[in-house]
Every structure is written in structure tokens, then in C-alpha cells.
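Dock chain to chain to rebuild the complex, using the hints, since each chain is given by itself in its own frame.
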Amino acid sequence: MLEYVKRCIVRVWAIDTLRDAGLQALELMIGLDEAMMNIVALSVQVSLSAVVLSCLIALPIGAATAVGRFPGRQAIIVVMNAFMGLPPVVVGLIVYLALSRAGPLGPMGLLFTPTAMVLAQALLVTPIIAALTRQIVADAWEEYREQLQSLGSNGFRSALTLIWDTRFSLLTAVLAGLGRATAEVGAVMIVGGNIDGVTRVMTTAIALETSKGDLALALALGAILILLVVMLNSSAYLISEAARRRYG
Amino acid sequence: MAHLSVENLCYDIGGRRIIDSISIEFSARRSVVLGPNGAGKSVLLRLCHGLLVPTAGSICWRADANVAVRQAMVFQRPVMLRRSALANLTHALSLAGVGASEARERAITALRSAGLEALAHRSARVLSGGEQQRLALARAWALRPDILFLDEPTANLDPVATREVEAVIDAIHRAGTQVIMTTHNLGQARRMGDDILFIARGRLLERASADHFFRAPKSAEAAAFIEGELPW
Ligand SMILES: Nc1ncnc2c1ncn2[C@@H]1O[C@H](COP(=O)(O)OP(=O)(O)OP(=O)(O)O)[C@@H](O)[C@H]1O
Ligand SMILES: [Mg+2]
Chain L
1 MLEYVKRCIV RVWAIDTLRD AGLQALELMI GLDEAMMNIV ALSVQVSLSA
51 VVLSCLIALP IGAATAVGRF PGRQAIIVVM NAFMGLPPVV VGLIVYLALS
101 RAGPLGPMGL LFTPTAMVLA QALLVTPIIA ALTRQIVADA WEEYREQLQS
151 LGSNGFRSAL TLIWDTRFSL LTAVLAGLGR ATAEVGAVMI VGGNIDGVTR
201 VMTTAIALET SKGDLALALA LGAILILLVV MLNSSAYLIS EAARRRYG
Chain X
1 MAHLSVENLC YDIGGRRIID SISIEFSARR SVVLGPNGAG KSVLLRLCHG
51 LLVPTAGSIC WRADANVAVR QAMVFQRPVM LRRSALANLT HALSLAGVGA
101 SEARERAITA LRSAGLEALA HRSARVLSGG EQQRLALARA WALRPDILFL
151 DEPTANLDPV ATREVEAVID AIHRAGTQVI MTTHNLGQAR RMGDDILFIA
201 RGRLLERASA DHFFRAPKSA EAAAFIEGEL PW
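So the sequences go chain by chain: L and X.
Numbered as in the numbering used here, the first sequence ends at 248 without a single skipped number.
Numbered as in the numbering used here, the second sequence ends at 232 without a single skipped number.
For the record, the hints were derived by calculation from the structure and aren't laboratory data.
Label-pair distances were calculated between CB atoms; the ranges are:
| hint | chain 1 | residue 1 | chain 2 | residue 2 | range |
| --- | --- | --- | --- | --- | --- |
| 1 | X | Arg77 | L | Gly85 | 35 to 43 Å |
| 2 | L | Val230 | X | Glu117 | 43 to 51 Å |
| 3 | L | Val5 | X | Arg77 | 49 to 57 Å |
| 4 | L | Gly106 | X | Arg122 | 51 to 59 Å |
| 5 | L | Ala75 | X | Ile226 | 49 to 57 Å |
| 6 | L | Tyr237 | X | Ala118 | 27 to 35 Å |
| 7 | L | Arg244 | X | Ala155 | 23 to 31 Å |
| 8 | X | Asn156 | L | Ala207 | 53 to 61 Å |
Computed list of chain L residues with no C-beta within reach of chain X, every gap over 12 Å:
| hint | residue |
| --- | --- |
| 9 | Val10 |
| 10 | Ser49 |
| 11 | Leu59 |
| 12 | Ala216 |
| 13 | Gly222 |
| 14 | Val229 |
| 15 | Leu238 |
All residues carry an ideal CB built from backbone N, CA and C; glycine is no exception.
Next up, chain X with everything else stripped away, as it sits in the complex (with noise of 0.2 Å):
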């Protein structure tokens, strides 16, 4: 298993501090980022991902054997390529340098396990919001990341493809990957995190195992935003 450990870490923007002296070790199999919006939740993501530079700190990767970790991100709004679902895998597949004929097999696969076999030949950008979610997860379950980011991989799914949504996610997470994920949806992270995060501000005010975060939260923050009272 990989291991993905941040210290310090400092992110600002236009003079404003959005991550604030973060230091987190992510060691359980799956975490969960809380926080009310503005939060710094997607940018923590962003950071750890790669796409952001740290104003300061460290982000550190450490793989048991001595190989690249290979991550994946789905973003809160996924973008989608003006072609077929598959062709939109295959492209993904290809970037990581994955051969044409393993490609067009594992994509495959990836959209059977979605349940999206049927919708393979589609243009992927005149599916439905739901679809197009999951489509994002099987692409990025394609490039089989050893770390997975989903930034609130449920936001606008109706109940049912939420459940079909966390259903994927969960076969990810059993296939071997390590999940970092942000919701807004309380029950959702009570049964996805084994770690639940809680940032506010751009600073991490609370870390606990989701039984003892949804229990006794320790910061008054934390336990008003569980209460749904959202002072700020």
C-alpha cells in the first residue's frame, strides 16, 4: 500500500490563505474530508493530487516497493471528451500507456462493473448527470490507481444512483485502492469513512475514526456542523 503523508501544508491564493499549515498522514484504507463549503476541501484534494503547488509544506508519497504510485482523480464536476464512454476510457488508458488491445479490454470491464456496459457506444456527454458520474469513477477504476480522489463523487444523484455510485466506489476499495473522498452527505461518510477529516477554514480542526467523529465530536465546529448548525 501506498502511503500519502502532507506536512505543513500552506495554499494560497490572491493573498488569501485557502489551506492553512495542514499536516495529515493518510493511513487508513479510506478517508473522508468534512467541512462546510469553502472549506478548502476541494483544494486539499487538488494539492495532494498534483495539479496545485504548495504555497509551503510537503506532500510525500511512499510505495512499499520501490515503483511509481499511480493516482486518479474524479472531480466534483467530471469532464467528459466529445466521444463514446468507451473512447473516453481508452483515451484515459492510452495517456497511462496502456496498449490499444489491453486498453479496449479493461475499459471494458471497468464500464461492466459500473454497470454501464450498455451505454459503452454513447456519446458520453449527452448522458445523464448520474451516468456521467459513474462514468468518471470507471474511468478513473480503469487506470487501476493505487490512490483514489473523489470530490464529492454523489453531489446532484438522486438516492438510487447514489447507492450506485457508493456500490462502485466500494468495489474499488475492495479491489485494492486506497480512497481519499470529500461529501456533503453526513450518512455517506458515516458508512465510507473508516477516517473522517474535518477541515473548516483551511485548517484541519479535528481527525477521528467516523464511529467516535459522529459520537463525540471534540470541536465545537465539528459538532455544530453535525448538528447542522453552521455558525460561519
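The shape of chain L in the complex, shown without the other chains (with noise of 0.2 Å):
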């Protein structure tokens, strides 16, 4: 086993084309090369700013749909499940069609900038995150509501109480949205077209990098990419095990 991997990188390594890519890569991230950590910088801007303005929609949603009994609540729960696993083309094509001259957004001339691309992954992550948050929320809610009414507490206080008392758990939902957001490529591909220092980020840019041959570029944001997803990860679970033992 260790013998076949060790061919291996020998014969990788025995390509020349391969190797200078490697080296290159290794040379862009160590020195910070500023074409690079501008598109790093425009990904995590824009998957944070879809991630901040789906919040706003997704926790009310989600906390509403665990706590309220109102008419079209299954409804709601139903679209945000089916969307869940909603294909990122599809999400782009529906934002790119409304942001589109003729399109019922078209006079915002919003179309091919980096708030496109905001919207675009908002769209895609907030049934993520509303899905997930309503789940969270009903757990705690199935514990809390006979102590809850007990104690008078009407549905909107209670809907507060529980986003306060689960928020280490909505933080990791919240972050695997982020991770969702960053990692997609068809979605931002479409709506901001990959314009080179305008709405280029990590994974249009390594997309079109790896198209064109140049793999240096495309290799060292490859890894930058799967850092940030790591680190993302990570801390959700640390933070969530540190709340545990504080909090219980």
C-alpha cells in the first residue's frame, strides 16, 4: 500500500507540467500573492454577507415554524425541506433570470456584481439554515414548553428564549450554511459571471483556471478553500463542545 502511494508520487512528481504547478502554488500562498488573496478576500465577503442577510430571514422562519401553530406552517415546512437540496445552477438561472435586463429586478442593474452573487447564495443557504434552525428550536421547544407557559410566556417571547437558549447549536447550522456558501460554484458562476477582479471568487476562479490549463492558481486556492472549510468546521465543533460543558 505505502509502496503504491510512493510510486505514485514519484510518477506525479515526474511530470513536469504537475510539479511546476505544485511549486507555484506552494510560492502564491506563501507569498500572499495579491491576485490571489483579493479573490479569497471577495469569496469570504460575499459568503458572509449572503450568510448574515439569510440569517435574518432563516432563524425568525425557522424559530417560527418550531414554536407557532399557523395556517400555511406546514406549507412552509414542507418548501423549506424540498428546498434544501436545491441544485446551485437552479438557484443562479432563477437569480440571473430576475436580476436580467428584461427580469422583474432588471432596473437595479444588479446583474454580474458581487451583490448578485450575495443574493444568489443567500437564496441557496436559507432553507439550509431555516431547516436546521427549525429543527434545533422544536428539540428545545418540545423541553421548554410546559415550563415556558407555565411561566406565561406567550409565543413570540418563546420563540426568543429558545434562539437564545440554543444559539451554540444555531451557530453550527449557521456555519454550515457559511461552508455551503463558500464551497458553491455553479450559483456565483451564473450571476457574476467571473469577472476578473470583480465578482471573480475561489471557486469560479479555480473552475476557469483549471479550464485554461493554469493550475498553479487554481491548486493554491484549492487548498486555501479547503482550509477555510476545515477551520469552519472545526470550530463549530469546538465551540459547541465548549457550550456543552459550560452550559449543559
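So this is what it looks like as C-alpha cells:
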């Protein structure tokens, strides 16, 4: 097994292009290449904005459907769960149509701007964060309901209390959304257009550079992307663990 | 003093009758509801507290003055919020419409009375079972209820913690709150019950003063229950 891996590495290393690409990628990362860092910064900025925007919608919807009993609740839950698996390209297409010149939001001129990418990613992760929020808050509600009702808490106050009480679990839901937003490529490609220096983010840059055969930048961005996602997930885990120990 | 009475109270769930036409006037300052597991004690307390809506019958509250009756309940398994012990009390007081500074004062007083002052800033959910049970009592007490429902307040507690909780209940009672509680601890029922209500299979089988009930139970079921023979 080890022998086989060693032979593979030796064989890949023998291919000049791959070796050069690897070394150049390393150089880019160590030197914090400016063009590369701009792409990373825009990626992070777009995805963070998208997740913040999405939380403003997803947390109230998730909590309301967990605690409230109102007409249309069942429908919202079904739609939420169905949209969790929405293919990013289709979301991109929908946002593209809405923002294109003839579309309902056409006059705002948002197509091929970072704002368009924020909208697309927000649309993509809102169902995920909302559904996870609903699950987390509903579980807590199951446990707290009688106690809160006994104390005279109405539905709205209860929802706020539950969101605060499950804040660490909700954080993992939000970080899951952030991971998905950062790693997504189809939607931002369509609505952003991958314009150099304007709407080029990590994933679209990787796709473009790879198809151009410029593997160095693609490899460097790929490594950074993986690093970011791993950091997100491990911090989510560490935070929830620390909270469990501290608050029970 | 507020008066609580129930008339022909019935409660069904899934076609099963859990509470079967119970009529009681809670006139004693301390009433203890006794009965075997599954008799319907917890459901009865929930009905009286207003957490469940009766299938039939009525629950009637009468206060001396023309004011709303304040009631509180401590559950068989108390639920604490993920915040400090003190914050759990102020949260409850804020829900009751008490202003922030008064809430803090009352919360600290209640914690002190329950012997929990040292734990005020600890996370409520990592406290021990007995501490949480006392914290739940302190939370109910801080609300200054006219009537307090206690569902097995000393279940799962060791003898020392049990005595501590009993002392707290005693203090609440002496401060003028009417107590309606359930327990499986017959010694506790004897100590704390002015009035014993014996329930089995959703029916009120017997009501007597603690003295009478333990000396000469009228129903065969109650006699067997006291003897520790449980034929059901
Ligand atoms: N939500 C519910 N759904 C179905 N059955 C229920 C529900 N709540 C209570 N019951 C049933 O009602 C009966 C009475 O329950 P209750 O909890 O009042 O018993 P209890 O007298 O408090 O018993 P214990 O001493 O074990 O606490 C039980 O048979 C229980 O299974
Ligand atoms: Mg019970």
C-alpha cells in the first residue's frame, strides 16, 4: 500500500507540469499573492454577507415554524425541506432571470455584481439554515414548552428565549450554511460572471484556471478553500463542545 | 386566600379517560395528592394549572379580593434555561411583568431563602439534581404565587436534599402560599399534608386529613397503598 502511494507520487512528480504547478502554488500561498488574496477576500466577503442576510430571514422562519401554530406553517416546512437540496445552478438561473434586464429586478442593474452573488448564495443557504433552525428550536421547545407556558411566556417571547438558549447549536447551523455558500460554484458563476477583479471568487477562479490549464492558481485556491472549510467545521465543533461543557 | 375548586373534571387522551369526573374543593392550606404510578396525579395538577384543557367539567378560581390569582408550578422534571441560576429567576420574573431592578432583588432573596446564594452565577443546567430542584422552587417562590403546584418535588433526591426541599416548601407555605403537591414519599405526605387526596385510575377515591387517612383509610385501595401492597 505504502509502496503504491510512493510510486504514484514519484510518477506524478515526474510530470513537469504538475510539479511546476505544485511549486508555483506553494509560492503563491507563501507570498500571499495579491491577485489571489483579492479573490479569497471577495469570496469570504460575499459568503459572509450572504449568510448574514440569510440568517435575518432563516432564523425567524425556523423559530416561528418550530413554536407557532399558524395557517401555512406546514406548507412552509415542506417547501423549506424541499429547497434544502436545491441545485446551485438552478438557483443561479432563477436569480439570473430575476436580475436580467427583462426580469422583475432588472432595472436595478445588479447582474454581474457581487450583490447578485450575495443574493444567489443567500437564496441557496436560507432553506438550509431555516430547516436546521426549525429542527434545533423544535427539539428545545419540546423540552421547554410546559415550563415556559407555566411562566406565562407567549409564543413570541418563547421563540426569542429558545433562540438564545440554543445559540451554540444554531451557530453550527449557520456555519454549515457558510461552508455551503463558500464552496458553491454554479450559482455565482451564472450571476457573477467570473469577471476578473470584480466577481471572481475562489470556486469560479478554480473552475476557470483549471480549464485554461493554469493549474498553479487553481491548486493554491483549492488548498485555501479546503483550509477555510476545515477551519469552519472544526471551530463549529469546538464551540458547541465548549458550550455543552459550560452550560450543560 | 384564593379558592380553587374543580367540578366533575374529566380528561381524555387518545380515547382513554385519564381523569374521571373528579370534584374537589382545595380548602386546606396544604393538600397532598397521593396515588400509584399512572393514577393521573400529574395530569390533575396540569389541568388545575391550566396547561391542559379539560375534556369536561370545570375549574373555578375564586379570590378574596378582586384580583387575578397568581399561580406557579414546579414540574416533576424541572426545566432550566441555559443561563445562570440568577438569570433563570429574573427571566421568570420578567415574564410576570416585574421590573428589572425589583426582579433582581427578589431573585436574590429567593435564592438566599433556598440556600442557593453561592450558586447564583453558576450555569443552571450543570447544577446537581437536588440543586436544580431547589432552584425550581426558588423560581416559583420568587413569583410570590397565591397557589403553588408541586409535582413530586423530592423525587430522586437523597434524604438530606429531601429535607432541605421540604424546609423550603415549608417556608413558602408559612409565607402565605397555598401548596398543592404530589409525592410518593408517605412520610413526606404525613409531614406536609393537611389534607390527603387519594387518586387511583383517574378517580378520587378518598379525601381525608393526613391523620385520618393514615390511621384509618376508608377505601380498600388506599389501605393497600399504605400497606405497600399494590394490587393494580
Ligand atoms: N400526553 C399523554 N399521552 C398519552 N398518555 C398520557 C399523556 N399524559 C399522561 N398520560 C397517561 O395518563 C396516565 C396518568 O399520567 P400521570 O402522569 O398523571 O400519572 P401520575 O399519577 O403522575 O404517575 P407518576 O406517579 O408515575 O408520576 C398515565 O397512564 C399516562 O400514561
Ligand atoms: Mg406524575
